[in-house]
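Residue numbers (the numbering used here), protein chains in the order written: chain A, 1 to 257; chain B, 1 to 257.
Any given hint might turn out to be false.
Copies of the same chain are indistinguishable here, so a pair counts whether it falls within one copy or spans any two.
Calculated cross-link-like contacts (lysine to aspartate or glutamate; reagent style EDC-like; alpha-carbon spacing at most 16 Å) [to be verified]:
| hint | residue 1 | residue 2 |
| --- | --- | --- |
| 1 | K64 | D216 |
| 2 | K64 | E31 |
| 3 | K91 | D237 |
| 4 | K91 | E75 |
| 5 | K91 | D233 |
| 6 | K91 | D208 |
| 7 | K64 | D98 |
| 8 | K91 | E24 |
| 9 | K91 | E25 |
Honestly, the hints are just simulated from the structure, not real lab data. The model shown is predicted, which means the values in this text are computed figures rather than measured ones.
These are the residues of each chain, in order.
2 protein chains.
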Amino acid sequence: MAEGANLIVLPELATTGYTFFSREEAFAHAEPVPTGPTVRAWEHFARAHGVYIVGCLPELDGWKLYDTAVLVGPEGFIGKYRKTHLWNEEKLFFTPGDLGYPVFETRLGRIGLLVCWDIWFPETARLVAQQGADIICIPTGWVWTPPPLYDASGTCMAAYLTMTAAHVNNVFIATADRIGVERTSGFMGNSLIAGTNGWPIGRIAGPDEDTILYADIDVVQSRTAPIWNQLNDLHRDRRVDLYDQMLGYRGGSPLPR
Amino acid sequence: MAEGANLIVLPELATTGYTFFSREEAFAHAEPVPTGPTVRAWEHFARAHGVYIVGCLPELDGWKLYDTAVLVGPEGFIGKYRKTHLWNEEKLFFTPGDLGYPVFETRLGRIGLLVCWDIWFPETARLVAQQGADIICIPTGWVWTPPPLYDASGTCMAAYLTMTAAHVNNVFIATADRIGVERTSGFMGNSLIAGTNGWPIGRIAGPDEDTILYADIDVVQSRTAPIWNQLNDLHRDRRVDLYDQMLGYRGGSPLPR
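Please model the entire structure based on the sequences and the hints provided.
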């Protein structure tokens, strides 16, 4: 922020820690959104410094908990997104998100929110981008999964998922991941800010690198068809007629797997 | 084939050349499928050698031309797929495919077909995989697009699109690209066979490397949920309820871009 950032993205569940061992632990750290103290503190900071913040925290709503990303700005709380694809034991603590894939208008541009494992589902970035998002902000806690974790360049599949999602949707994507080990969870780092062409702006953070990434983005790029040629446009060229004919297949696997 | 291949994938429009300068040229090289001589020759070869072949050719159907991938095997012609997303001047010569995303049962497993630019649309591999495909075969003519074409490792975005599509769908993907320059088209190489975990089996071919890639695949992998943990499965975890609520957004961009 002292470096001039206008939009700050924090990792998943950044204020509480990621790894809960019981539902009781998760409840003890959860807060209502936006009326709990953490969102209020982010609002205060955003107002004081004239910045936008994407945070993520365990949201308390009656007996339900959600893994919730929030967007706050100088004008206060703007909106929230409840993680729709829960990873591993998150399924024991959290309820799957029920708010769809909102996109928020801000003075910086249109901001969409996803959380971590969501990016494994190409539908998510597609649905956000189709609503005209300029940038998708993704708090993440990308954990160790079956090897190989990284390729020879030290890049994990999650970073490639981010790059390709940005590329095919012509949208900026900013991810903020954790590093190191917390209780039983090991994190993969590899935070990146992908340009609308998919390639990282600057670089992909190292697997164990404690750092902050910066990038300038220009919403003209996310609102202009990529200059492939005169005849193609990624969004226009979608064959919605065919995708919709096959809606039945979206419901699961008609053939046993 | 002399190396023991059971399934052979050829590049896009391999028998005719890729770059047509006029619709007349494309017509002159087009054939009915499967009754034309090229598919008959592939059938003859497949029968003689006991192999499956995925080829691609300009298909003639009345006054329409399609950029069509075909699957033939020892039993003869099995089926075809007409490219649904046309790249650049293909739009001047070809009609967009109208056969959806078929998956064919063979003695090797279930084979899906896509062509080149289709992989830029994550819906395509998703729809094929949701039908239980074990391997998606993609004849390609990946051409030079706005730079950067490759990252520091010499890998192009198309290869990452292939890897991530394989990864999120738990499906094998075999691509066969061209290299070099043909008339006004420069090709990017980078053919690869991706495993169900997304990573290349063996390696990604170089940008200018004239080679054949081989891989052994085991359909147990494409029919088994990836061993992430006990709680997740990539196909089961899809939030079809939310994706379908947003069907209206599939039709285009509701906000001006």
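A quick look at each hint next to the structure:
Taking the shortest alpha-carbon separations for K64 and D216, neither the intra-copy value of 38 Å nor the inter-copy value of 47 Å comes in at or below 16 Å. Only within a single protomer do K64 and E31 lie at most 16 Å apart by alpha-carbon distance; the minimum there is 11 Å, versus 61 Å between protomers. Proximity of K91 and D237 under a CA criterion of 16 Å is satisfied inter-copy only: 11 Å between copies versus 36 Å inside one chain copy. In this assembly of identical chains, K91 and E75 lie within 16 Å of each other by CA distance neither inside one copy nor across copies; the values are 33 Å within and 47 Å between.
For a Cα distance limit of 16 Å, the shortest separation of K91 from D233 across copies, 12 Å, qualifies, whereas the shortest one inside one copy, 38 Å, does not. For the homomeric pair K91 and D208, neither the shortest alpha-carbon distance inside one copy (27 Å) nor that between copies (47 Å) is at most 16 Å. Only within a single protomer do K64 and D98 lie at most 16 Å apart by alpha-carbon distance; the minimum there is 12 Å, versus 46 Å between protomers. For a Cα distance limit of 16 Å, the shortest separation of K91 from E24 inside one copy, 14 Å, qualifies, whereas the shortest one across copies, 58 Å, does not.
In this assembly of identical chains, K91 and E25 lie within 16 Å of each other by CA distance solely inside one copy; the values are 14 Å within and 57 Å between copies.
The structure fails hints 1, 4 and 6 (numbered hints given earlier, in ascending order).
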